[in-house]
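S.K.: As you go down the protein sequences, you meet chains G and H in turn. Under this note's numbering, the first residue of the first sequence is numbered 1, with each subsequent residue one higher. Under this note's numbering, the first residue of the second sequence is numbered 1, with each subsequent residue one higher.
If you are wondering where the hints come from, they were derived from the structure by calculation, not from laboratory data. Note that beta-carbon positions come from the ideal geometry of N, C-alpha and C, so glycine has one too. Keep in mind that a hint or two might mislead.
[What the hints assert, rightly or not] Non-contacting residues of chain G with respect to chain H, defined by C-beta distances greater than 12 Å in every case (computed):
{"#": "1", "residue": "R2"}
{"#": "2", "residue": "G92"}
{"#": "3", "residue": "F137"}
{"#": "4", "residue": "I140"}
{"#": "5", "residue": "R175"}
{"#": "6", "residue": "Q221"}
{"#": "7", "residue": "K236"}
{"#": "8", "residue": "E238"}
{"#": "9", "residue": "E270"}
{"#": "10", "residue": "K289"}
{"#": "11", "residue": "P319"}
{"#": "12", "residue": "F325"}
{"#": "13", "residue": "Y420"}
{"#": "14", "residue": "K483"}
[Said to hold, decoys possible] Computed footprint of chain H on chain G; a stretch qualifies when at least three of its residues, placed anywhere within it, have a C-beta under 8 Å from a C-beta of chain H:
{"#": "15", "stretch": "120–128"}
{"#": "16", "stretch": "367–378"}
[To be verified] Under 7 Å between C-beta atoms, here's a sample of chain H residues computed to sit facing chain G:
{"#": "17", "residue": "G119"}
{"#": "18", "residue": "L378"}
{"#": "19", "residue": "Q538"}
Number of protein chains: 2
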Amino acid sequence: MRIALAQINPDLAGFEKNKTKILDYIARAKEKKADLVIFPESCLFGYHPFDLLERESLVDQQMSCLKEIVKKIPAGITVLIGGFEKCKKKKGRPYYNAAFLCVKNKIVKTFYKELLPTGDVFDEARFIEKGQIKNNFFKIKDRQFFLTICEDIWAWEDSKGKSLYNENPIAKVPRKKVDLVINMSASPFYTKKLKLREYFVQKTAQYFRAPMAYVNMVGAQDEIIYDGQSFVLTPKGEKKLSCLAFAEDLNVFDLDTLQDWNATSRRKRETDTELLRQALVLGIQDFLKKNNLRKVHFGLSGGVDSALLACLAADAIGPQNVQLFALPTQFNQEESFVLAEKLAKNLGIPLKTISIQGMFDYIKTILDSEFSVQRFHLMHENLQSRLRGLILMAYSNLTGSLLLTTGNKSEYATGYATLYGDMCGGLAPLGDLTKKQVYELSKLYNAQTEIIPERILIRPPSAELRPGQKDQDSLPEYDKLDKAVVNIVERKAKLKNATEKWLAEVLMKTEFKRWQAAPILKVSEHSFGRGRRYPLSQSAKTI
Amino acid sequence: MRIALAQINPDLAGFEKNKTKILDYIARAKEKKADLVIFPESCLFGYHPFDLLERESLVDQQMSCLKEIVKKIPAGITVLIGGFEKCKKKKGRPYYNAAFLCVKNKIVKTFYKELLPTGDVFDEARFIEKGQIKNNFFKIKDRQFFLTICEDIWAWEDSKGKSLYNENPIAKVPRKKVDLVINMSASPFYTKKLKLREYFVQKTAQYFRAPMAYVNMVGAQDEIIYDGQSFVLTPKGEKKLSCLAFAEDLNVFDLDTLQDWNATSRRKRETDTELLRQALVLGIQDFLKKNNLRKVHFGLSGGVDSALLACLAADAIGPQNVQLFALPTQFNQEESFVLAEKLAKNLGIPLKTISIQGMFDYIKTILDSEFSVQRFHLMHENLQSRLRGLILMAYSNLTGSLLLTTGNKSEYATGYATLYGDMCGGLAPLGDLTKKQVYELSKLYNAQTEIIPERILIRPPSAELRPGQKDQDSLPEYDKLDKAVVNIVERKAKLKNATEKWLAEVLMKTEFKRWQAAPILKVSEHSFGRGRRYPLSQSAKTI
Numbered sequence: 001m002r003i004a005l006a007q008i009n010p011d012l013a014g015f016e017k018n019k020t021k022i023l024d025y026i027a028r029a030k031e032k033k034a035d036l037v038i039f040p041e042s043c044l045f046g047y048h049p050f051d052l053l054e055r056e057s058l059v060d061q062q063m064s065c066l067k068e069i070v071k072k073i074p075a076g077i078t079v080l081i082g083g084f085e086k087c088k089k090k091k092g093r094p095y096y097n098a099a100f101l102c103v104k105n106k107i108v109k110t111f112y113k114e115l116l117p118t119g120d121v122f123d124e125a126r127f128i129e130k131g132q133i134k135n136n137f138f139k140i141k142d143r144q145f146f147l148t149i150c151e152d153i154w155a156w157e158d159s160k161g162k163s164l165y166n167e168n169p170i171a172k173v174p175r176k177k178v179d180l181v182i183n184m185s186a187s188p189f190y191t192k193k194l195k196l197r198e199y200f201v202q203k204t205a206q207y208f209r210a211p212m213a214y215v216n217m218v219g220a221q222d223e224i225i226y227d228g229q230s231f232v233l234t235p236k237g238e239k240k241l242s243c244l245a246f247a248e249d250l251n252v253f254d255l256d257t258l259q260d261w262n263a264t265s266r267r268k269r270e271t272d273t274e275l276l277r278q279a280l281v282l283g284i285q286d287f288l289k290k291n292n293l294r295k296v297h298f299g300l301s302g303g304v305d306s307a308l309l310a311c312l313a314a315d316a317i318g319p320q321n322v323q324l325f326a327l328p329t330q331f332n333q334e335e336s337f338v339l340a341e342k343l344a345k346n347l348g349i350p351l352k353t354i355s356i357q358g359m360f361d362y363i364k365t366i367l368d369s370e371f372s373v374q375r376f377h378l379m380h381e382n383l384q385s386r387l388r389g390l391i392l393m394a395y396s397n398l399t400g401s402l403l404l405t406t407g408n409k410s411e412y413a414t415g416y417a418t419l420y421g422d423m424c425g426g427l428a429p430l431g432d433l434t435k436k437q438v439y440e441l442s443k444l445y446n447a448q449t450e451i452i453p454e455r456i457l458i459r460p461p462s463a464e465l466r467p468g469q470k471d472q473d474s475l476p477e478y479d480k481l482d483k484a485v486v487n488i489v490e491r492k493a494k495l496k497n498a499t500e501k502w503l504a505e506v507l508m509k510t511e512f513k514r515w516q517a518a519p520i521l522k523v524s525e526h527s528f529g530r531g532r533r534y535p536l537s538q539s540a541k542t543i
Numbered sequence: 001m002r003i004a005l006a007q008i009n010p011d012l013a014g015f016e017k018n019k020t021k022i023l024d025y026i027a028r029a030k031e032k033k034a035d036l037v038i039f040p041e042s043c044l045f046g047y048h049p050f051d052l053l054e055r056e057s058l059v060d061q062q063m064s065c066l067k068e069i070v071k072k073i074p075a076g077i078t079v080l081i082g083g084f085e086k087c088k089k090k091k092g093r094p095y096y097n098a099a100f101l102c103v104k105n106k107i108v109k110t111f112y113k114e115l116l117p118t119g120d121v122f123d124e125a126r127f128i129e130k131g132q133i134k135n136n137f138f139k140i141k142d143r144q145f146f147l148t149i150c151e152d153i154w155a156w157e158d159s160k161g162k163s164l165y166n167e168n169p170i171a172k173v174p175r176k177k178v179d180l181v182i183n184m185s186a187s188p189f190y191t192k193k194l195k196l197r198e199y200f201v202q203k204t205a206q207y208f209r210a211p212m213a214y215v216n217m218v219g220a221q222d223e224i225i226y227d228g229q230s231f232v233l234t235p236k237g238e239k240k241l242s243c244l245a246f247a248e249d250l251n252v253f254d255l256d257t258l259q260d261w262n263a264t265s266r267r268k269r270e271t272d273t274e275l276l277r278q279a280l281v282l283g284i285q286d287f288l289k290k291n292n293l294r295k296v297h298f299g300l301s302g303g304v305d306s307a308l309l310a311c312l313a314a315d316a317i318g319p320q321n322v323q324l325f326a327l328p329t330q331f332n333q334e335e336s337f338v339l340a341e342k343l344a345k346n347l348g349i350p351l352k353t354i355s356i357q358g359m360f361d362y363i364k365t366i367l368d369s370e371f372s373v374q375r376f377h378l379m380h381e382n383l384q385s386r387l388r389g390l391i392l393m394a395y396s397n398l399t400g401s402l403l404l405t406t407g408n409k410s411e412y413a414t415g416y417a418t419l420y421g422d423m424c425g426g427l428a429p430l431g432d433l434t435k436k437q438v439y440e441l442s443k444l445y446n447a448q449t450e451i452i453p454e455r456i457l458i459r460p461p462s463a464e465l466r467p468g469q470k471d472q473d474s475l476p477e478y479d480k481l482d483k484a485v486v487n488i489v490e491r492k493a494k495l496k497n498a499t500e501k502w503l504a505e506v507l508m509k510t511e512f513k514r515w516q517a518a519p520i521l522k523v524s525e526h527s528f529g530r531g532r533r534y535p536l537s538q539s540a541k542t543i
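Please build the complete structure, drawing on both the sequences and the hints.
M.R.: Okay, structure coming up:
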């Protein structure tokens, strides 16, 4: 008995395209003599659907495509496809998150997800009705399978006896003899997430005393990045197969031997930083592709954030699709420009220089006079940042190129960014990286040869919006700040020191900026963006 | 037996302030000889908490305040207070949405909400564990009460037999003899919402064959506006008492006679438009108050949107706290300025004029040359809008005044607004109004005397960003557009005509602008903002 894991990257609501891709992977699995091919959760609709599920017609379109797929399944292969199914009852939410077990010309059985994720970026309880998994058994050639969908296996207690869920639906399933447990997932990436998946998969495998195949989605959907890395695990936790990270993949294994049919496991061992790089590259690629965009641009300041973004953007879509801008004033050091120019040259990206000094002076004179401003003021700093935003958005309007924002998570946390200024842009690829991670990724790009001029990684960060300005004039040392951001925003832990107390207050005061931020590529456990929903009007001075 | 409905406006996470207010209302209820005083849902914590519930320390602070309240309750009165309670179990979500039944020095009983709203703006399933209401009976002086919290009574079938919920928790409650059914709510306003509440309350009252007291929160929380309008209903649907709309209120009634103890019902009959005006005024007031802001400003164009906003702002915080700006170019008609000036004068609001022609010309020359632009382009329109945003934000930076955005729902739906231009601002008070509603409200302000110059209500709308421009050059007639917005966005209904098909496509294309929009005061069934979560990267060309 041969099983194929089809780790695909679907388009959200791209039913025709997804259908074609699914049929292609079925054909390829069949070629490799697979008896069963397993696709990720909701692979036909795409995932996460958010409020697209308001529109019944989209689920109708998906079901038509499912019927067409079923007609074209070759004889002798069984297929597990994920999607949404309308509830027939008048009561409750309108859909199930379903897995369709299909053979040629027939949907043999349909399974419904029981645990609905409603934390962080997920909102399944809005439109999805709870199913029941206890009878999710099925047979192929006398082999017994048990099927789960994503969150269904995430109710096991952690080492402290805690669980997000009151009841574990797995624990209510009869422990019949099972040859393979299956989980179809759309599980987003963050560093160390794979370890967590392995924990829950092993717990489930142990319960059934059977090996388990975990098939994850790959691809990015706005803020969310699915990393693939599908795998097969024995009840003892031995990994028998690993699919690629951040790329589509098809692997066939033999259920009797649990040997990877492709002889070797295809997943290389990579560092966390390298995985992070791959995540961000895929995030940028897919955001562009899935929004029918081809080019990006942004300001290159001579600082580390925009330097890293230039590397990532060139990596994702090629330097020929990137346009960089230097938009200096008198406050920008000559060195910043020289470094920016060198970096652009190293990457082969065009750099266009437009001084904003003249327009800054022009508008400053008018505003200072109209508003009786005597001294250099925060307003003048923001004015520079907003003039840059205005020029970069003009370029968007003229060319259709996507403006990327360069802000990192530590800046966003402190509000050290100008709303409608450097926060302008359609995507914030670095918005979930601490400053430390920005440096780590930059060093990774310099591992072979010096792409980012070393000086950029050494000189003290500065917004260069007033004479002699340094980030550290307004912010705690990045080392401390980064740790505080991780502790408060990602781990939601108690406040431990003065920096964290400071940050907790600042977070509350600056929430209004993040409300209007561009989508942020999520690569941590908890990112700013739609998965973090803080109110503005509230009286907690700290948290 | 006398019952008090204490319809209060709490501050989210303003525990000390809420405690003082609750104690004040208890004292006033006691003065009026009430035996039981009922507060709204979560009145001590404030509502909706969103991700503030990440922070356990806030619930600890709330519980301390609850203990202090309980110590100070006078003898002889029972109090029902809403708040969050930590779950003691290690499994499941961390809190219950609770009602605390208290007397002097004692919490007598605690009740937990069973149905957790997870649609539109609500996200209770993120942090709240489901309770069970079937034993929610309690007695005072031999009178039997049954308690529910907000959504608990919203599972009854509608006239088509539909319900959002699979099971109705009320239908599982034993039908004992009950003297009064209670619902503690935080139910947001939209036009006609009261009718819906009355429907569900009457259904519940009928089930128990008992009168029902519905105590609603009042006040605004970012986008959400609670309207109060608490009431008492007989099982036959006869309204025995109505509290004020959009204001705090305390009413005592006699349980035996169901007579309003204050002799007359305090709720006046008002038109839908008048209620809408009150909602928006409260929304602006509370957003400012609860964010420690005092003043607002925005551009007055001579069009109807900014004219209405000027009326609402003056209404909400007084003309002395509003600053208007005229920021003309050569494309603005002289008449626009004359009308704006007249309106500002009528309202007693200062109007400051700063021509942006010079800076527009200055930057246009640079950009046209740098980017080889030959003809007048959309970029030039956006440039004007963004220069206005830049000036208005400079004023914010200098004075701490809040910039309001003037866009309405029909504009937002079509993306007929410039991102980082006229979309700049911290609050969008008109963002959930169709153009028709903008006119209706404007006429309401003119009902007594002409505040908004009549000509503003007659002349064709124009963004005045290029010569001779009219909204109707780019958009369908507002009459048709408004209906399409209501049908698609609010009712989520099937597409019926060419305008709706056009709008469905445009909605998909312009989602990226709304992702970065300011908070919108929600006054309809479904508004843009946090309650409408559409993805950007998706392939559905239409819906």
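S.K.: Give a verdict on every hint.
M.R.: Evaluated hints:
With a least beta-carbon separation of about 32 Å from chain H, R2/G lies farther than 12 Å from that chain, consistent with its non-interface assignment. At the 12 Å boundary, the C-beta of G92/G falls inside the reach of chain H, the nearest C-beta of that chain being 4 Å off. With a closest Cβ-Cβ approach of about 24 Å to chain H, F137/G is found to remain outside the 12 Å limit, as its non-interface label requires. With 12 Å as the threshold on Cβ separation, the claim that I140/G sits away from chain H holds: the shortest Cβ distance comes to roughly 32 Å.
The beta carbon of R175/G sits about 21 Å from the closest Cβ of chain H, which is more than 12 Å, so the claim that it is off the interface holds. Q221/G, annotated as away from the interface, has a beta carbon of chain H within 12 Å; the closest lies near 6 Å. The beta carbon of K236/G sits about 26 Å from the closest Cβ of chain H, which is more than 12 Å, so the claim that it is off the interface holds. Here E238/G stays apart from chain H, with its beta-carbon at least about 29 Å from theirs, past the 12 Å limit.
Every CB of chain H lies more than 12 Å from the CB of E270/G, the least distance being 26 Å, so the non-interface label holds. Interface exclusion of K289/G from chain H breaks down, the closest Cβ pair being 8 Å apart, not more than 12 Å. At roughly 20 Å from the closest C-beta of chain H, the C-beta of P319/G stays outside 12 Å, upholding its exclusion from the interface. With a least CB separation of 10 Å from chain H, F325/G falls inside the 12 Å interface cut-off, contrary to its annotation.
Its closest Cβ contact with chain H, about 4 Å, brings Y420/G to no more than 12 Å, contrary to its assignment away from the interface. Against the 12 Å criterion, K483/G stays outside the reach of chain H, whose nearest CB is about 18 Å from its own CB. Closer than 8 Å: that is the beta-carbon criterion, and the stretch 120–128 of chain G has 3 residues meeting it against chain H, so the requirement of 3 holds. Counting residues of the stretch 367–378 of chain G whose C-beta lies closer than 8 Å to any C-beta of chain H gives 6; at least three are required, and the coverage claim holds.
Here the hint on G119/H is kept, as its CB sits about 6 Å from the closest CB of chain G, short of 7 Å. The closest approach between the C-beta of L378/H and any C-beta of chain G is roughly 6 Å, which is under the 7 Å cut-off, so the hint is satisfied. A hinted interface residue such as Q538/H counts as satisfied when its beta carbon comes closer than 7 Å to some beta carbon of chain G; here the least separation is about 4 Å, so the hint holds.
This entry does not satisfy hints 2, 6, 10, 12, 13, going by the numbered hints stated previously.
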